[in-house]
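Protein chains: 2
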Amino acid sequence: MMRTMSEARGNMDKGSVYTSVVKLWERFFPIAPNLVASQIEATSQIEFQFLGENMPQSTKTAIMVIGGAEDKVHGREILYNFFGRSGSTEARIAIIPSASREPAIIGDRYLTIFGEMGAKGIEILDIRDREQCEDPLMQSYVENCTGVFMTGGDQLRLCGLLADTPLMKTVRERARRGEITLAGTSAGAAVMGHYMIAGGGSGESPNRALVDMTTGLGIIPEVIVDQHFHNRNRMARLMSAIAAYPDRMGIGIDEDTCALFEGDGTLQVIGKGTVTILDPGELCYTNHAKVGATDPLSIGNLRLHILSHSDRYDFQKRMPFFPGCGIV
Amino acid sequence: MMRTMSEARGNMDKGSVYTSVVKLWERFFPIAPNLVASQIEATSQIEFQFLGENMPQSTKTAIMVIGGAEDKVHGREILYNFFGRSGSTEARIAIIPSASREPAIIGDRYLTIFGEMGAKGIEILDIRDREQCEDPLMQSYVENCTGVFMTGGDQLRLCGLLADTPLMKTVRERARRGEITLAGTSAGAAVMGHYMIAGGGSGESPNRALVDMTTGLGIIPEVIVDQHFHNRNRMARLMSAIAAYPDRMGIGIDEDTCALFEGDGTLQVIGKGTVTILDPGELCYTNHAKVGATDPLSIGNLRLHILSHSDRYDFQKRMPFFPGCGIV
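Residue numbers (this note's numbering), protein chains in the order written: chain S, -14 to 313; chain Z, -14 to 313.
Be careful, since some hints might not be right.
Identical copies look the same in the list; a pair holds intra-copy or inter-copy alike.
No farther apart than 35 Å at their CA atoms in a straight line, the calculated lysine-lysine pairs in the DSBU-like style are these [as the list claims (entries may be wrong)]: (1) Lys275 with Lys105; (2) Lys57 with Lys275; (3) Lys302 with Lys275.
For the record, the hints were derived by calculation from the structure and aren't laboratory data.
Isolated chain S, as found in the complex:
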C-alpha cells in the first residue's frame, strides 16, 4: 500500500550545491532549517545575502503550483525548492502519484530525485482506491510528513480518488496552516482551486464550450489554475473559465514554472517561464450567462499581468511587484 523509500539514497550527491547551502546556513545560524514559517522569518532576511542567485530562496513552507514538465535533470530549481521548503535533509516527503495511470513509475521517479537530494524520509502514497484514503498508516504519514508532492496525470482521476477523503482533509489543512509544503505539478496543479479546469480546447474565440469546469480539491479555493499555459495556448480557455466564475482569480502557469503561494498572501514566480494573472476584480460585463455554448464571449475589463522569475503578486493588494523595477 505504501511503498517505502528505495535505495535511491545510494545515488545521492552528498556534495551537492544544496547541501553546501545548508551547511553555510548552519554555520551562521546554529538552528536547524525549520518548517514553521514564523520561526524562520526573522532570520531569513539576513540569511539570503549569503545565498547565490540559483539557490533556494527560502525554507518557509509554501503551496507550490507547478505548470508541468518541471526540470528533473539539470538545475531542478523547482524540485530543489520543494525539497528545501519541506525541510531539506530533515524532509519527510509523501509522493501522491494517483493522477497518473502509471503511478508506480512516476512515483519512483520523484522518489529517486528527492532521495538524491537527501530527504530523510520519502513514501509513495500509491492510492488507487478511495478506501485507501482512510488507511491509518497513510493517515499517520501525512500527519507527520513535512512535504507532499502530487504528480501529473489526469486531474479528474486525482480528484475522483482524493476529494472529500480524510487523507486529503489532513493534507489540505496542514498545508493551509503552513505546517507542510504542498506541491502539485500539471494535473496536481489543476486541482488546487475550488473550481477546476477538467479539460478544454484552444484555437477558438473564447466561448463557454472551450473549457470544461468541475470541482477541484479546494486547497487554494480563490483561484482557477491552468497549467502548461502558454505552451499549450490556453489563454482563451482560462478567460472562458473566468467569465464563468468572475469571483475567482485566473492563474495560468507555464511549463517548468512555479507559482509559489506563501503564507503572507503573496505568490512568487520561480522557474523558466511565466505565470499569468487574470484578475476579474473590476469586470464590468460578460455575456456568459446569456449566450449559447459556442457563441463568442464578451468580457469587459480584465486586468492581466505576466510575471516571470522572482516577480511577486500580492493577492490582498491585487498588485504585482517586480524586483526588476526597483520597487519590491
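Let chain S serve as the given structure and place chain Z on it in line with the hints.
For chain Z alone, kept in the frame of chain S given last:
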C-alpha cells in the same frame, strides 16, 4: 495594368436582402446612400429602426480591419457591410490583391463577390511593382473610388509594394478623412498600424523573439493589429508586441470578424468571433528592454477586453461598451 470589371454582374442576385434594404431606405429617405459621414449621421438613427438585425447597420464610411477568412459564401456579413459602406449600388471599389502571390485569382474572387452585390464599378489594382503606384490611371481611380479592399497574403509583400507610394498616400488620406471605406483582411489587416507584426510564433511564454516587428502602412498608427487571432493562438505574440511598444493599443481580430473603426473614434465588432483589446495605458512595468531575446517577459497591468458582435470600444474614453448590458 488595371483589369476592368468582369462580367460578374451577370451573376448578380438582384433580389438579394441587401438590395431590398436599399430600396427600403430609398422609400423613406429620398436621398442616395452617401459616402460622407456627416451627411448621413443625422438620419441614421431613424433609419436603423427599419433594418433587420442581420442587415448592414450603417452606410457611414469606416476602416474595416478583418481578421481573415471572412465569410465569402453565405451571409457575407462583413463583405456586405464593406459594400454598403462603400456606397452600395453606387460603390466604385478598388481591390488591391498585392499581398497575395496569386493576385489575379484572389482579385477575381472579390470582384465576383462585389459584382454580385451590385457595385457600380470595380477595378483590380494588380500592383506587382512599386512603379505602378505612380501610374496616373490607378491614381485617378483611387482618387475617385468609394471603397478600397486589401486582400490577404503576405503583409511584408504588401508593405514592400505600397509603403510610401503616392497611391498609398491617397488611399490613407482619403480613408482618414472619411471619404472612402478602406478594408483589409488578414495581411491587409496586419498593415493597418504604424508598427506591424510581420510574423511570430505561439506555444511559448511571451518573449521578445516570439514576434517579428516592422513598419506597417500607418493607416491607424495608434494600433498594433494581429489577425486570425484566437484561431492561431496569438495572444502571447500580441502581448510581446505591446511590451515592445506600450504606447500602442493591441487589437487581436479573430477570423470572420471585423473591427470596424468609425469616424467618431470608436470601434464596433461585426462577424462571428471576437476582437481582443490589449490596453497598456496603465502599464506599470515591463522588463522588455532588459532581457534577452528568448527570456520570458514580465508585463504588469494590462487591461484586457474581449468584444463580440455589436460590442463597441471607445478609444478616447479607453472603455468598452456592451449593448447586451443595457448601457450603450
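Evaluated hints:
1. Lys275 with Lys105: neither (55 Å within a copy, 41 Å between copies)
2. Lys57 with Lys275: This pair counts as between: shortest inter-copy Cα distance 29 Å, intra-copy 45 Å.
3. Lys302 with Lys275: So Lys302 and Lys275 pass the 35 Å test inside a copy (32 Å) and across (26 Å) alike.
Figure legend: structure checked against the earlier numbered hints; the only hint not met is number 1.
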